[in-house]
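Engineer: Given next are the chains, with one letter for each unit.
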Amino acid sequence: MSIEVKNLVKSYGAFHAVDHVSFKLETGELMALLGPSGSGKSTLLRMIAGLETPDQGEVHLTGREATTLSARDRNIGFVFQHYALFKHMNVRENIAFGMRVRKAPEAEIEERVDELLALVQLQGYGKRFPSQLSGGQRQRVAVARALAPRPKVLLLDEPFGALDAKVKEELRAWIRRLHEESGMTTLFVTHDQDEALEVAKKIVIMNHGKIEQEGTPLEIFDRPKTHFVAEFVGESNSIDVVAENQGLAVWGPLRFSIGDIPAGRRARIYFRPHDVYVSTQQESLQVPGTIETTRFKGAFMELEISIGEGKNVVAHVPKGVSLASGFEKGRHVWLGITGFHVFQDSVTV
Amino acid sequence: MIGPRNESPLVQGLLITLTYVFLGLFLLLPLVTVFSGALKSGWSVYLAAISEPETLHAVKLTVLAAGVSVLLNTVFGVCAAWAITKLDFPGKNVLNALIDLPLTVSPVISGLIFVLLFGMQGWFGPWLDAHDLKILFAVPGIVLATAFVTFPYVARELIPLMEEQGRDEEEASLVLGAGGWQTFWKVTLPNIRWGLLYGVILCNARAMGEFGAVSVVSGHIRGLTNTLPLHVEILYNEYAFAASFAVASLLALLALLTLAIKNFAQWKNARLLREASQVSEGES
Numbered sequence: 001m002s003i004e005v006k007n008l009v010k011s012y013g014a015f016h017a018v019d020h021v022s023f024k025l026e027t028g029e030l031m032a033l034l035g036p037s038g039s040g041k042s043t044l045l046r047m048i049a050g051l052e053t054p055d056q057g058e059v060h061l062t063g064r065e066a067t068t069l070s071a072r073d074r075n076i077g078f079v080f081q082h083y084a085l086f087k088h089m090n091v092r093e094n095i096a097f098g099m100r101v102r103k104a105p106e107a108e109i110e111e112r113v114d115e116l117l118a119l120v121q122l123q124g125y126g127k128r129f130p131s132q133l134s135g136g137q138r139q140r141v142a143v144a145r146a147l148a149p150r151p152k153v154l155l156l157d158e159p160f161g162a163l164d165a166k167v168k169e170e171l172r173a174w175i176r177r178l179h180e181e182s183g184m185t186t187l188f189v190t191h192d193q194d195e196a197l198e199v200a201k202k203i204v205i206m207n208h209g210k211i212e213q214e215g216t217p218l219e220i221f222d223r224p225k226t227h228f229v230a231e232f233v234g235e236s237n238s239i240d241v242v243a244e245n246q247g248l249a250v251w252g253p254l255r256f257s258i259g260d261i262p263a264g265r266r267a268r269i270y271f272r273p274h275d276v277y278v279s280t281q282q283e284s285l286q287v288p289g290t291i292e293t294t295r296f297k298g299a300f301m302e303l304e305i306s307i308g309e310g311k312n313v314v315a316h317v318p319k320g321v322s323l324a325s326g327f328e329k330g331r332h333v334w335l336g337i338t339g340f341h342v343f344q345d346s347v348t349v
Numbered sequence: 001m002i003g004p005r006n007e008s009p010l011v012q013g014l015l016i017t018l019t020y021v022f023l024g025l026f027l028l029l030p031l032v033t034v035f036s037g038a039l040k041s042g043w044s045v046y047l048a049a050i051s052e053p054e055t056l057h058a059v060k061l062t063v064l065a066a067g068v069s070v071l072l073n074t075v076f077g078v079c080a081a082w083a084i085t086k087l088d089f090p091g092k093n094v095l096n097a098l099i100d101l102p103l104t105v106s107p108v109i110s111g112l113i114f115v116l117l118f119g120m121q122g123w124f125g126p127w128l129d130a131h132d133l134k135i136l137f138a139v140p141g142i143v144l145a146t147a148f149v150t151f152p153y154v155a156r157e158l159i160p161l162m163e164e165q166g167r168d169e170e171e172a173s174l175v176l177g178a179g180g181w182q183t184f185w186k187v188t189l190p191n192i193r194w195g196l197l198y199g200v201i202l203c204n205a206r207a208m209g210e211f212g213a214v215s216v217v218s219g220h221i222r223g224l225t226n227t228l229p230l231h232v233e234i235l236y237n238e239y240a241f242a243a244s245f246a247v248a249s250l251l252a253l254l255a256l257l258t259l260a261i262k263n264f265a266q267w268k269n270a271r272l273l274r275e276a277s278q279v280s281e282g283e284s
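Those sequence lines, one after another, are chains A and B. Going letter by letter, the first sequence gives residues 1 to 349 in the numbering used here. Going letter by letter, the second sequence gives residues 1 to 284 in the numbering used here.
Just so you know, these hints were derived from the structure itself, not from any lab. Every value quoted in this text rests on a predicted model; they were computed, and no experiment measured them. Every residue gets a Cβ at the ideal spot worked out from N, C-alpha and C, and that includes glycine. Among the clues, some could well be false.
[Unchecked claim] Across the chosen pairs, the derived CB separations fall in these ranges:
1. A:16 - B:75: 36 to 44 Å
2. A:106 - B:268: 29 to 37 Å
3. A:13 - B:160: 19 to 27 Å
4. B:36 - A:129: 47 to 55 Å
5. B:168 - A:262: 50 to 58 Å
6. B:87 - A:277: 28 to 36 Å
7. B:160 - A:19: 33 to 41 Å
8. B:160 - A:295: 47 to 55 Å
9. A:127 - B:75: 31 to 39 Å
10. B:75 - A:166: 16 to 24 Å
11. A:166 - B:181: 39 to 47 Å
12. B:90 - A:60: 27 to 35 Å
13. B:160 - A:65: 34 to 42 Å
Produce the entire structure from the sequences given, and follow the hints as far as they go.
Structural biologist: Below, the structure written as structure tokens:
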């Protein structure tokens with residue numbers, strides 16, 4: 001089942017939670033709605049599920065208009081941020097709920113519940129109550145409950161938000177596998193870019209109720225279209241420059257070729273720490289600098305390098321390279337920028 | 001907050017003694033007086049007093065008025081609490097404030113409201129008289145006055161509980177395909193049952209003991225429009241002390257029973273509230 005939203009608008013008083021948003025999710029796709037808190041992503045998800053009524057715009061499910069359809073008639077699986085398990089029901093009753101209210105035969109319900117308990121690896125937990133489960137287990141019960149009535153679409157609101165890192169990691173892999181096996185159209189909301197980049201095949205980035213960019217994780221990461229995306233996704237050095245003649249911008253000793261931005265216009269340049277090439281000997285187009293701080297980040301070292309005039313650049317260097325090159329505080333190095341993005345500011349100087 | 005550990009043993013002892021002395025003087029002593037007064041002339045007088053037809057009628061009327069009030073206010077209380085905590089609509093805060101009105105208005109004034117509405121000089125009086133319908137100085141008036149005074153108890157008990165529980169479970173039920181009615185019976189009601197019971201018990205206790213409002217609308221017709229509290233007053237004013245205390249002891253017994261059930265429901269409810277907040281803390 002495909003999901004399409006057209007020009008959706010939702011305001012709370014003067015606050016525009018969702019502001020003319022349109023996108024389409026094809027059958028079987030796995031998409032993330034990524035954005036900071038308050039960007040309207042959860043409201044958007046709730047409108048698709050029928051839990052909020054849009055002020056304007058349309059929701060289409062399987063190509064059919066569903067804007068006025070009530071939540072119970074949309075046949076959508078929804079996993080809530082805080083799981084929303086029924087406290088007074090045990091795990092089996094929770095999972096069976098969606099089938100019971102639809103008056104499915106009891107034998108079929110029992111069979112389906114067993115199947116789902118196996119799927120979420122919670123056999124033997126059927127008689128437990130939600131209060132007797134860990135966060136990760138509750139989350140899996142919530143997913144099983146949402147899947148029980150065989151929905152055509154699965155929506156998840158911050159599904160990994162409240163879990164600790166290790167459990168989060170397992171559940172991410174599990175959700176991805178679940179999607180690959182079931183082929184169910186899946187849309188999840190997250191504020192965690194790593195989560196979106198890792199799990200989703202497609203990402204919609206939202207900010208202030210609007211879509212900033214839509215694309216594959218690779219496109220989003222490598223070709224950010226807006227300031228916001230460049231800053232929000234992945235780490236970046238961001239510098240403000242003024243364009244000079246011949247499409248050149250100067251920042252300390254660094255030169256950037258910024259194309260056809262007219263001279264005198266302000267521009268902002270973003271470059272990622274791993275796009276800073278650091279070496280101990282001068283190579284072509286490199287500028288000198290001094291390492292000010294080093295931070296161990298696991299697989300890589302984070303170096304903060306002063307390039308003079310009070311300007312600093314953050315670089316990520318593989319741990320092995322860093323050790324072999326003897327990168328440490330006070331060391332003189334050479335660096336070059338291998339990739340950057342430039343955005344012209346609308347205001348002139 | 002100042003913990004008890006910060007106080008010297010002397011102050012602690014003083015505070016505890018003071019509390020017990022007050023409790024004894026103002027609560028325990030009257031209760032003992034009621035029962036000793038009732039049984040002063042012996043069991044036979046006591047039994048005769050409470051099996052008198054007028055007393056029995058007062059018991060019946062009290063149970064009827066309390067029963068109808070509790071039923072009405074339970075339905076209303078659940079509706080109001082549901083609306084206030086699970087829905088968004090204009091005027092919600094006004095409704096929330098208005099529910100408390102019967103608590104802040106003197107019961108005598110509550111009774112007067114009904115006299116002004118249904119009395120011969122009132123808004124509906126002439127119309128009711130023309131159609132030979134009796135509300136004032138009759139059973140319907142007593143039921144109405146009782147229901148009005150006890151109106152907030154169930155709603156007040158449920159609103160904080162339902163607010164704490166939030167809308168998540170209802171929304172989950174809805175997207176899983178349940179209708180509003182199914183959601184209420186299968187999800188909401190089981191979550192609020194102990195709070196509801198507590199509210200119903202409080203409402204019932206207040207309904208049975210209501211004096212002021214009922215006194216205004218009843219007309220004190222013996223064997224017809226006398227409730228238990230009114231009957232106690234009449235007997236007392238007639239110097240039938242033993243009988244008056246005997247009837248009063250019936251009300252006191254009802255109060256003690258209510259207290260016992262209330263404490264049980266409160267204990268259950270507090271446990272549920274604690275669980276609810278623990279669950280939401282564990283998740284956030």
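Engineer: Go through the numbered hints given earlier and state which of them the structure violates, listing their numbers in rising order.
Structural biologist: 6, 10
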